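J.: Use the sequences and the hints to build the structure in full.
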Amino acid sequence: DAKTTQPPSMDCAEGRAANLPCNHSTISGNEYVYWYRQIHSQGPQYIIHGLKNNETNEMASLIITEDRKSSTLILPHATLRDTAVYYCIVRVGDSGGSNYKLTFGKGTLLTVNP
Amino acid sequence: DSGVTQTPKHLITATGQRVTLRCSPRSGDLSVYWYQQSLDQGLQFLIQYYNGEERAKGNILERFSAQQFPDLHSELNLSSLELGDSALYFCASSVAGTGGLRETQYFGPGTRLLVL
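In order, the protein sequences belong to chains A and B. My numbering numbers the first residue of the first sequence as 1 and each following residue consecutively. My numbering numbers the first residue of the second sequence as 1 and each following residue consecutively.
Take every hint as true, because none was put in to throw you off.
DSS-like mimics (lysine-lysine), calculated; alpha carbons at most 27 Å apart, straight line:
1. A:K69 - A:K3
2. A:K52 - A:K69
3. A:K106 - A:K69
4. A:K52 - A:K3
5. B:K57 - A:K3
6. A:K3 - A:K106
7. B:K57 - A:K106
8. A:K52 - A:K106
9. B:K9 - A:K106
To be clear, the hints were calculated from the coordinates, so they are not data collected in a lab. None of these values were measured; they are calculated from a predicted model.
T.: Next comes the structure, spelled out in structure tokens:
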């Protein structure tokens, strides 16, 4: 699985958009970008994933650059409850007997301030 | 609530002892994954089961073992416990374990193990 690089921490004001970057310059054509978050010692929570097109769901938007070497997770209106460690993970998505483990890095600690 | 349940929530035991952690996957999910999260190692994959069979192994110690039962719940057995085994243990489940868009893993709340 490709490695990812994320800033260790970021701050955001409540009500503003939080934009969390992730670099994955060695991503392969069959690898998806997944985002999870972990709120203080709780189980990681799935947010969103994508292959090459931008994706949006009720939680967030995922913007993937055309060359797929980086992506940005956008929380449109951050709240205090969005304070968490956000993990960007690149993982193979095709079948074929591969190991589908998630490889977590250190993630980005997003702190939403009132 | 992810739909994945884990018991117990907390476990305190002594070195050398053996414990069993239990995980019930989301309804309909066939694949179960176990992860360990310690302060110095972060979240690490231990092992995956799919429909009762071991599918993949990660950095799982020989003192640790797991199994998935016919009703698809899974147990992680930790034996000869050491102080360094103190950690959060998470279980995740996914629909198939065979790749593709159905492979989103949903995590349980975890079991916090403290070895004294």
